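Kindly produce the complete structure, drawing on both the sequences and the hints.
Same order as they appear, the protein sequences are chains Z and A.
Quick note on our numbering: the first sequence kicks off at 1 and runs consecutively.
Quick note on our numbering: the second sequence kicks off at 1 and runs consecutively.
Hints listed in this document are in silico derivations from the structure and should not be mistaken for laboratory results.
Computed from a predicted structure; not experimentally measured.
From the three backbone atoms N, C-alpha and C, an ideal C-beta is built for every residue, glycine too.
Careful, some of the hints might be misleading.
Reference excerpt, derived from the structure (chain Z facing chain A, CB under 7 Å, subset only) [claimed, not checked]:
1. 58
2. 101
3. 103
4. 104
5. 106
6. 108
Read off the chains here:
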Amino acid sequence: MRFGVVVFPGSNCEMDCHHVIDKVLREDVDYVWHQQTDVSAYDCLVLPGGFSYGDYLRCGAIARFSPVMEAVADFAAEGGLVIGICNGFQILLEAGLLPGAMLRNTSLSFICRFSSVRVENADTPWTNAARQGQVLRVPIAHGEGNYTADEATLAALAEEGRIILRYCGEDGEVTAAANPNGSVDNIAGICGEGFNVFGLMPHPERASEEILGSTDGLLIWESVMAHYRSRG
Amino acid sequence: MKVSIYVSPKKGVLDPAGQAALGALKSLGFGEVADVRIGKYIILRLEDIDAGKAEDRVQEMCERLLANPIIEDYRIEMGD
Numbered sequence: 001m002r003f004g005v006v007v008f009p010g011s012n013c014e015m016d017c018h019h020v021i022d023k024v025l026r027e028d029v030d031y032v033w034h035q036q037t038d039v040s041a042y043d044c045l046v047l048p049g050g051f052s053y054g055d056y057l058r059c060g061a062i063a064r065f066s067p068v069m070e071a072v073a074d075f076a077a078e079g080g081l082v083i084g085i086c087n088g089f090q091i092l093l094e095a096g097l098l099p100g101a102m103l104r105n106t107s108l109s110f111i112c113r114f115s116s117v118r119v120e121n122a123d124t125p126w127t128n129a130a131r132q133g134q135v136l137r138v139p140i141a142h143g144e145g146n147y148t149a150d151e152a153t154l155a156a157l158a159e160e161g162r163i164i165l166r167y168c169g170e171d172g173e174v175t176a177a178a179n180p181n182g183s184v185d186n187i188a189g190i191c192g193e194g195f196n197v198f199g200l201m202p203h204p205e206r207a208s209e210e211i212l213g214s215t216d217g218l219l220i221w222e223s224v225m226a227h228y229r230s231r232g
Numbered sequence: 001m002k003v004s005i006y007v008s009p010k011k012g013v014l015d016p017a018g019q020a021a022l023g024a025l026k027s028l029g030f031g032e033v034a035d036v037r038i039g040k041y042i043i044l045r046l047e048d049i050d051a052g053k054a055e056d057r058v059q060e061m062c063e064r065l066l067a068n069p070i071i072e073d074y075r076i077e078m079g080d
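Here it is in structure tokens:
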């Protein structure tokens with residue numbers, strides 16, 4: 001399986017993603033520069049975290065017009081696997097590849113710490129290695145992760161099982177107290193209509209090795225690899 | 001030609017920065033403040049375009065880049 005990690009000016013988690021895919025998952029991986037317009041060599045595209053284009057105007061607002069994003073949109077439209085992590089999630093929202101938008105955290109603070117998220121749908125390309133309701137310990141690091149969408153969008157996301165991760169307590173209970181950023185319905189990760197596009201605020205690449213304190217993020221990577229292999 | 005664009009949080013959309021400023025104003029004794037919304041003020045200078053076309057173009061700029069219609073409203077003022 002070949003991964004492409006898209007690098008925008010201001011991305012800063014691309015090396016972490018590359019490291020995990022190369023050294024931990026032992027899969028093929030290349031960096032894909034934002035000027036590149038051909039992504040046909042890849043089985044899965046990773047939009048990493050960071051501060052693309054300085055997050056000027058709005059997070060992800062300028063990155064979405066990078067030349068590579070048209071190729072990413074075509075790739076996604078054809079069913080290609082795309083995961084956007086943190087700033088990558090924000091870019092997918094701005095590009096309209098996922099519904100909704102991000103607001104400032106209600107605390108106005110940049111939050112960088114471990115979070116607990118509950119797997120709300122374990123029957124997706126991104127979560128099939130996890131159990132339904134499993135609690136994952138994965139770090140978050142963002143100032144604008146307060147997800148919002150209109151009521152019709154939220155109803156559709158819930159009904160179609162496209163809310164993939166919710167912030168929860170360590171016991172798995174989804175409560176207001178466990179919500180780090182004010183995100184509506186404690187949403188931490190969602191899928192697009194075909195489930196091939198996934199956006200999440202937690203960083204699975206920072207929780208894929210014992211030395212970093214959690215390997216729960218591996219479940220996300222192992223899921224997409226299993227999904228890819230099952231497709232043949 | 002100068003163009004002023006006012007981008008503000010849509011009605012009903014949470015504005016954490018506005019809420020924080022509201023709390024701070026109240027604690028400073030400005031109890032009359034009922035609400036604060038914080039947005040952006042963008043100034044453009046356009047060249048080589050006739051006034052008739054300009055407004056449509058600026059509207060397109062707002063829709064495509066300068067505002068996010070999911071969470072923001074915008075208002076355009078053409079000229080000085």
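Now the hints, each set against the structure:
For the restraint placing residue 58 of chain Z at the interface with chain A, the shortest Cβ-Cβ distance is roughly 6 Å, inside the 7 Å limit, so the hint holds. Satisfaction of the interface hint for residue 101 of chain Z is found here, the shortest Cβ-Cβ separation to chain A being roughly 4 Å, below the 7 Å cut-off. A distance limit of 7 Å between C-beta atoms decides the matter here; for residue 103 of chain Z the minimum to chain A is near 6 Å, and the interface restraint holds. Checking residue 104 of chain Z against chain A: minimum C-beta separation of about 4 Å stays under 7 Å; hint holds.
Checking residue 106 of chain Z against chain A: minimum C-beta separation of about 5 Å stays under 7 Å; hint holds. For the restraint placing residue 108 of chain Z at the interface with chain A, the shortest Cβ-Cβ distance is roughly 5 Å, inside the 7 Å limit, so the hint holds.
Hint violations for this structure: none, all hints satisfied.
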